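Here the structure of chain A is known, so what remains is to put chain B in place on it, guided by the hints.
Residue numbers (our numbering), protein chains in the order written: chain A, 1 to 298; chain B, 299 to 730.
Pairwise CB distance ranges (calculated): (1) B:Ser318 / A:Ser285: 53 to 61 Å; (2) B:Ser318 / A:Lys125: 17 to 25 Å; (3) A:Lys125 / B:Gly634: 56 to 64 Å; (4) A:Glu288 / B:Leu707: 46 to 54 Å.
Because the hints were derived from the structure by calculation, they are not lab data. All of these numbers come straight from a predicted model, not from anything done at the bench. Note that beta-carbon positions come from the ideal geometry of N, C-alpha and C, so glycine has one too.
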Amino acid sequence: MTLEIRHLGKQYGEVKVVDDISLTVRSGEAFGLLGGNGAGKTTTIRSVLGLLEHEHGEVLWNGKPFLSNRPSVGYLPEERGLYPKETVSEQLIYLARLEGMKKTAAQSVLKSWLERLGIAEHEHKRVEQLSKGNQQKVQIISALIHDPELVILDEPFSGLDPVNADMLASVVKEQIAKGKALVFSSHQMMQVEQFCEQICILKRGRVQIDGRLSEIKRSYGRSNLILRSEADLMPFLETRGLTDIRRDAQEWTLKVNNEAQAHELMRELGQAGVPMLKFELKEPSLHEIFIEKVGEAV
Amino acid sequence: MRSFGIVFGYSFKERVRSKSFLWMTVLLVALIAAIVLIPRLTGGGTSTQGTVAVVNTTSLPVDAEGLGASVSPLYEWKIVPESEQADQAKLLQNEELSAIVAIAPAAEASAAPQITLSVNRQEDVPFAPNLSAYVERLNVEERVEALGLSSEQAASVTARPSLELNELNAGGKSFTQTYMPVYALLTLMFFMIYLFAGNVATSVSVEKGSRIQEILITKVSPGQLLAGKVFGVGVAGILQFAIIAGFGVLLMSFGGTGEALSIGNLSIDLSILGGQTLVVAAALFILGYFFYATLFAAAGSMVSRSEELNQAMMPVSMLLMACFIVALMILANPNGTLAVVSSYIPFLTPMVLLTRVGAGEPALPEIVLPIVILAVSTLLVGWLSGKVYRNGVLLYGQKPSVGMMLKMLGSAGNKAARAKIVPSKGQAKDAV
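One chain only, chain B, in its complex shape:
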């Protein structure tokens, strides 16, 4: 246990003091600062989609304020006199205007006013239905007034239905709301696991490549060495994550953006990631890291030179990549069969379950059971990786291969079997 502590401390310190740790932290903090602060510095969200000129030749009280409130707040509304309509048409031609709205009285006195919308493209005026409703309402109000009804009668005629959005989220939460936060969390998880678990592999291969392994193994058992390394690097990862997340939360609360972020026209409401999601995410983050870090360590222990590392890491990287891709695939349908089934497969669980919890509505057992399976698998994978590591770290001159790995796994604590791992000619020469 003492040795574990020393290896843990050394690995942690080594990781935290590395240049990549420093740069990664600075870069991510700067990125978050940019995302949170830039929209505020540039006037934060007051940008408009364009300007619409309105020529009103009716007696209806059409004004910019009413248009902004009732039709669309995203456009700047400009009331222009009829005489300037030709000039406005030129502006529209030059695409300096999004649209010209002409509201004219109908030929027949009893008919509703005529609205003419001049645009370059139809999709420039997503507010058309709102515009029609707005003018209709003004028209109705004017006519009701002309009838000389009592105020109650008038109110009962012009009363507008109340609309309340009651989202039940049956069959999944709103895709548009959950997509960005879950996507961001998944990407973060993928990169953090890849970076830190990958760092364990690098560290193992450096110790092996520099041959200090042979000295270390006479001082510490391979199991303690591996565990100390995985935990040390892992805690450094948690520290880095805490720094970045803490900075983000601090900036958002001081910046007054609350829990919403806006990138361009995209508004990300982080409150969609509730407490439950974050607790599950933390558990998955940690278990996912240990699952992949021990696998990467086993891969790192197979190589003799650091140039071979990428090749050895490939199968594990593929698993991690598959995990990310399946999680993205089920993002649109987090309660589908693929999502449910894949959440129980340990190497997919970390990101798939995160997607399910963030975007879907899994029942409690559907959350707890995959986590338990992942935890048990992580212990199992850790144990198996420890065995590969134990044999691998002192074996030189061999091309890393799955076959070799299986041979090492086959030598389950059986001394005779373990000794039978036959080295190549180069290794035999190396060993004597």
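Okay, chain A solo, but in the shape it has when bound:
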């Protein structure tokens, strides 16, 4: 099962909010759609789902037009939406039935989900009576109750505390393991790094970088050097013309131009007899790549 977006384009008047985006999401794989505010993530998702018309490009599911051959979709919109005055069970069963589930099947699946997410006691409460975090859990159930083939989560971690974020993370991992095709939009790089093998960073509707996360990182080279020593390394590092240095307690993090430069530095430190506790050469984090590509804080 494959979701394929080819040269998708969408504009409002003269403004191109999505400009020639192409990407492929395979089952058993999570795809991270990254970008700052207004980068075109939600517009891309809405265009895929047919909630918005797009002028250019096409969206395919297993090689056929998505809308006429649509799989069952689990969608967690960025703007959360539930019936505030209806009870949790009623609306979730309603939504499940609209996806073709039988009422009794929906009831039993719902029970297990409510227990899994620890909100079984809220089954017959109105949604407006629940806390924000619990509403978010109900919303997540609404996206997954019918066991969809394609799962699209738009900013799923926003508004969750660390405990619930971990719980959601385990749910997401389980969905990937079950072979779902998963699209994940976020500007929280930590989570994306945790799940997504494929990423795409958008800026003003255009793809800045896309591909396998490991390959992207490799292409950047190992340019982060981490040093740990009881001695003060600052004077030594400064004389080598290195300026982008961050010091936390006994640890120094700095940028090198390439691996050769790092090795040269290690040799010199050895020759100078500086007692070293740690010497680590790392790839840039997704956060750093993101900042570099998008060029703005998130």
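What follows is chain B alone, placed relative to chain A:
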């Protein structure tokens, strides 16, 4: 079709279980019970307009029974001796009596008796002509008897003409008879359509405002969603109407009032609304509901927040109000030009045609043709509203306007045109 059924069931259940549905039903049932039962509990219709004292100094056999039967059944008649006339005059002064009737012999033996009516206001004695005729008849009978004629001769002299009311209803049914039932039916129709069609708008705006719309649209096509909602709420309306009407019929048949209702001194004969009127009323009720419900749904789909709903509903509410007002205007003249012409205008048809059928005498084509036009228009309006709804439900941050609505209508299934609906800055930001 499956999704339609689920949306239909959900909307129906949601509506029936709502507090407003329950209270509205209880309130109307209580109102009907009050209208049917209270007059019976308080002695149902035996109340009188007042008491009239009669002082008879002639030899004519004037009695309370005869007065009640021949002059007016609405008054209590009291025969008093001449000696009490002064006391009665005081009662009249205190308005405890409606009138004093004094019947005295004429000065000349051959002349008719003299009737003197003492009242506070002339309009207190609408029975005066009947009184005069009654006394005249007694007088004639007495004189005929004095002539000693044979019984046939006497009968031929005193024979009274028979009067038969033969109402042809040319140029409209009796206004006094049709006014109240048609008025009541119109009011009921106005409120039911406003309430239920308005409920569709509220429901649409709640789904949009709470953003669940975005999830629903990935599961159900907008057309099925709209149709399921309109039908679900509509059937709930029919159910409510059936409960209220059924209760009314039950009460009236058990209460023994038949088809007549009396509110105060007003007697409403519901039998004037014959089978034809009720069949046409049912058709108009249903078509009127669908016509306005789809329009209200389109209006509801335009708003981003429920606070804006009333503003968006205004143009449709105005149409519905116009429909009600024109129907009331033509109630007195249901066969006039205004009535005939306006019955063909779809948004006026539901109530205007109901008035024409209830109070006027339209020919069959004059009933069928407007209904066909209304049915076709309802389909058309449903189709157009569906288009506005489809575009409207996912558009946020825009002030609802007629211009925006027209833009949505202009995007008739044309993807490129539909995509060109340019959102405001807020919307553009919202959309990405």
